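Asker: Listed here are the chains, written in short residue letters.
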Amino acid sequence: MIKVNNINSFYGKAHILNNLSFDIAGGEVVAMLGRNGAGKTTTMKSIMQLVRPKTGTVFFKEHEISRMAPHQVAKLGLGYVPEERRIFTDLTILENLEVGRQPPRKDAPEWSVDILFELFPNLHERRNNRGKTLSGGEQQMLTIARTLMGNPLCLLLDEPSEGIAPVIVEQMAKTILELKKQGLTVLLSEQNLHFARMVADRAIIIEGGEKRFDDTFAQLEAQPDIKEAYLSV
Amino acid sequence: MGLIFAQLLTGLANAATLFLVASGLSLIFGVTRIVNFAHGSFYMLGAFIGYSLMQVLPGMFGFWSSVLLAGLAVGVIGVIVEILVLRPVYKAPELFQLVATFGVILVIQDLALLTWGPDDVLGPRAPGLKGIVRIMGEPVPKYDLALIAITPFVLFILWYLISKTRIGILVRAATQDREMVGALGVNQAWLFTGVFFLGATLAGLGGAIQLPKGGADLLMDFNILAAIFVVVVIGGMGSLPGAYVAAVLISVLNVFGVTYIPQSTLVLMFVVMAVVLLIKPYGLFGREEVAGEHGQVGEPERPIKPAGTRGRIIVGGLLVILAMVPFFGSNFAQVLITDIIIFALFAASLHFILGLGGLVSFGHAAFFGSGAYVAALLVTHANSPMEIAFLLAPLGAGGAAIIIGWLCMRLTGVYFAMLTLAFAQLIWSLVYQWGEFTGGDDGLVDIWPAAWLNGTTPYYYFTLLFGIGGILLLRHVAHTPFGYALRASRDSMRQAEATGINTKRIQWAAFAFAGAVAGLSGALFVFSKGSVFPTELELAKSFDALIVIFLGGVKTLAGGVVGGASLEFAKDFLTRFEYWRLLLGLLIIFVVILAPEGIVGASRRLGERLGFVDDGEGRR
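Those protein sequence lines, which keep their order, are chains R and Y.
Residue 1 is where the first sequence starts when you use my numbering, and the numbers rise one by one after that.
Residue 1 is where the second sequence starts when you use my numbering, and the numbers rise one by one after that.
Calculated from the structure, these hints are not laboratory results.
Treat the hints with caution; some may be incorrect.
Anything over 10 Å on all C-beta distances counts as not near chain R; from chain Y, calculated [what the hints assert, rightly or not]: (1) P88; (2) L122; (3) F153; (4) K213; (5) R576; (6) R605.
Cβ pair distances, simulated, as ranges [to be verified]: (7) R:Q182 - Y:A189: 31 to 37 Å; (8) Y:A189 - R:R105: 22 to 28 Å; (9) Y:W406 - R:K174: 54 to 60 Å; (10) R:D201 - Y:P88: 41 to 47 Å; (11) Y:L57 - R:E64: 48 to 54 Å; (12) Y:N502 - R:K61: 54 to 60 Å; (13) R:P103 - Y:R505: 53 to 59 Å; (14) R:E64 - Y:D119: 55 to 61 Å.
Because the structure is a prediction, the values reported are computed rather than measured.
Glycine included, C-beta positions come from ideal geometry on N, C-alpha and C.
Isolated chain R (complex conformation):
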């Protein structure tokens, strides 16, 4: 579904991603783990073309997306949920969802405002409230719901568990598993190993913009030195 090939990404002169490559198969949920500053968000943005890799290619399905504009990437069915949430604070919840709306796609589950309100009942109650009045957890749900309105095939979830209450984290995990059941492919970045293990089939660990590990959680447990080196704070 996604194929990242030897990408190198920069912020100005700072070299953030270093020859990074990985594949994600259709229907898989993959967790990208690593410390703050390891390059997780940059990887997400480099797939979405919000940061343009200087060298290397990114494929989504059969399309090479590494020369496309972000809106074209989104149109192909890649949904991006940013870490900072970036909801439109002056727009109501309903309007936020409207921004994300795209025509349905035959190979992906189809979402509507009503279905999403079933998945996120809190949002329904506050549908006419402005984005700025929402709590952190509600904002996180709105961001996911907004992206789902585009009927994506694949979700890029940047640190979904960050900054929200523990109860909601659990709810978030259920939501992601529900999305998986619907057939969505998910790449999520995480610092919370516990959360990642709950939802993901596979772990990719990056550090200093390079891939250090790419295998199942069982394998990760079997290699405590890797866990120690790249995940402990």
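Based on the hints, put chain Y in the right spot on chain R.
Answerer: This is chain Y only, laid out in the frame that chain R set:
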């Protein structure tokens, strides 16, 4: 009572055009964050195109079709401008695009001159609405009543479009975070183009619809510019109801002003704006601007360093050449270089607060003019010797900058810029209308330097000494602790405050200092020309300085000087041609597109690529 009501109606009718044009400006700014200086030009085009159409389309239907078609035609022109000129520079540093729009103003001015000739045209009267009706015994033109009825209708349509339709929702979302809108699958480039189309259409409609009241002429672009900026700022940037309320407020006050305090006409709207902004810093319906919230902070600033050995040698060599000019150059060359140095000093002083301080001033000419007028007034009214007048001029300008700076310092970003513009216009209109004291439009003449400086060559050296001295002083201050504090306040106000810098005070001091240096250049100017006119205080003068520092490069120390010298030089060359505005406008647009970092930034980058210049991180 009848008269007052009739005047109220006149004010409301005048508000129609103002609202149409200003709402377009507000929309464009709200979404694209571009301060579109060319908006007045769109308005002018609407008037001329509408006029031409009305010549061929007869009757009432023809008249209103002409108005609509003129609007749409201008909308298409707006799209062309957006695609050709603005798209390439969206990623450029904030406000850089306004330089491009300034180039567009010049191009449109000459194209209009080419197409419609230099004469003013009288607008046809609207068929079917030619007469007057009597309301409470007072005559009110029927056309005024039509305008009063149309405006709220337009406001409603716009309001509906923006708040109820999908396009409107996308536009509002893009206002807040355009990158995110793109990541959700919306092609925001076309959204921007669409907004530009709508904004330009509104300006064109405004121009065409006022034809029966005002006609069309080649000055109307600049004449409306200040007023629509005032309306947008009073109403709150990006707020449509705000634009309507402000347009009505300004127009009605203006009608009463003309009747009861005619001396106030030019000043009135700026006084209103200043009062509103001092009470409600973000306009009546606006909301606070947070820097960088629109995802366009741009690349981090490069630290600037004291000149290296090579730089010193080049500058030293240049100075030696300049000092030799009187020995081999003509009289004309000396006069030209005198002009260039004076303008470069003025531009450098603006660059000091804009580039180093991050404070965008749209009214810097106020201090240049203050310096010139303080000197001229002292000579004219107090018979003071040139030396004293010359010394007091920068102090006077600095004093003005202290007061204006104190009043403006509570605002930031575009609102700060607009408030400086308001005060600059205030000073301009004061000088313009207080004829007995300032000479008004006739200016002050016979302001010559002292005997020992009288003559081209002595004054050339005098300008060289104070002009270059002023520029070096500005440069030196940039490298003092005060300069560090100023740059720290620009880059991160919070962090600067946390380290104990009183950022507002530092910026205020920098504003005053820059004002004083601008005053120095004004004093040099007045004694070189022997006269001063209110044009030296005009908006266009402030814009000139703004243009050159963006062209030179905001983020470089030499930007102001290099830009100032280049523009003055280019102007001297280009004004020999009949359509020099067209050429200069195109030149500006090309520089903007090809060198978004300005002349200095671009040549440095070129130098780095060729390996001549250090890239700022020790690499060659």
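Asker: Are any of the numbered hints broken by this structure? If so, which, sorted upward?
Answerer: Every hint satisfied by this model.
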